[in-house]
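Each chain, written out:
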Amino acid sequence: NAGVTQTPKFQVLKTGQSMTLQCAQDMNHEYMSWYRQDPGMGLRLIHYSVGAGITDQGEVPNGYNVSRSTTEDFPLRLLSAAPSQTSVYFCASSLRDQNIQYFGAGTRLSVL
Amino acid sequence: AQSVTQPDIHITVSEGASLELRCNYSYGATPYLFWYVQSPGQGLQLLLKYFSGDTLVQGIKGFEAEFKRSQSSFNLRKPSVHWSDAAEYFCAVHALTGGGNKLTFGTGTQLKVEL
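Note that the protein sequences, when read in sequence, are chains F and A. According to our numbering, the first sequence is numbered sequentially starting from 1. According to our numbering, the second sequence is numbered sequentially starting from 1.
These are computed hints drawn from the structure, not numbers from a lab. All clues given are correct.
Non-contacting residues of chain F with respect to chain A, defined by C-beta distances greater than 10 Å in every case (computed):
#	residue
1	MET19
2	GLN22
3	SER67
4	SER69
5	THR71
6	ARG77
7	LEU79
To be clear about the criterion: a stretch of chain F counts as covered by chain A if any three or more of its residues have a C-beta under 8 Å from a C-beta of chain A, and this derived list gives those stretches:
#	region
8	38–50
9	103–111
If you want the ones that stay clear, here's a sample from chain F, every Cβ over 12 Å from chain A, calculated:
#	residue
10	PRO8
11	GLN11
12	GLN17
13	ASP26
14	PRO75
15	SER80
16	ALA82
17	SER84
The beta carbon of each residue, even a glycine, is placed where N, CA and C say it ideally should be.
Please construct the entire structure, taking both the sequences and the accompanying hints into account.
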């Protein structure tokens, strides 16, 4: 039972580089979300999706892009990484009619 | 908009002592409330949830929480803390909007357990 799988677990980037954080779930969940976690700030919502082909912005969307071409996958793209994007990123998913979100193990990103 | 306040950034308790972590929320309607725990280097694990009904809810690992509407609180408790409970604890409120399930988190409480 894989649940929510995030890759990679760790990543170091240089300022200006681009990369994609991967998130996949095998529970057929309609909702998927990306959060970032920073010390003293808890988790903040970056982007979310209510189903394939539908995405929307959360609390801190600037500098990030998402797409949802399948129910299973919800990648997060950093087009030009900045040091301010150094953080731990969590992906979560849930069923449409169930309010419990399931989290992946996270991706630790450092931007130098 | 909803918000969650966890007033205690750090808490230290002795093993075997009781624990209470505070959480206050702001939300216009009846909230869905959660407590998550995060061990070092790990993801978030759901401890317990409140949707409706009995205001005292039981969770995993011996934790419980009480919803008090009059105080807008959802405090987490454990009668006897174990060293393995050392972790960071997050309270969250759920907002089911037309745009999907959104969780708003508090800033977390770091629990240290002294042996």
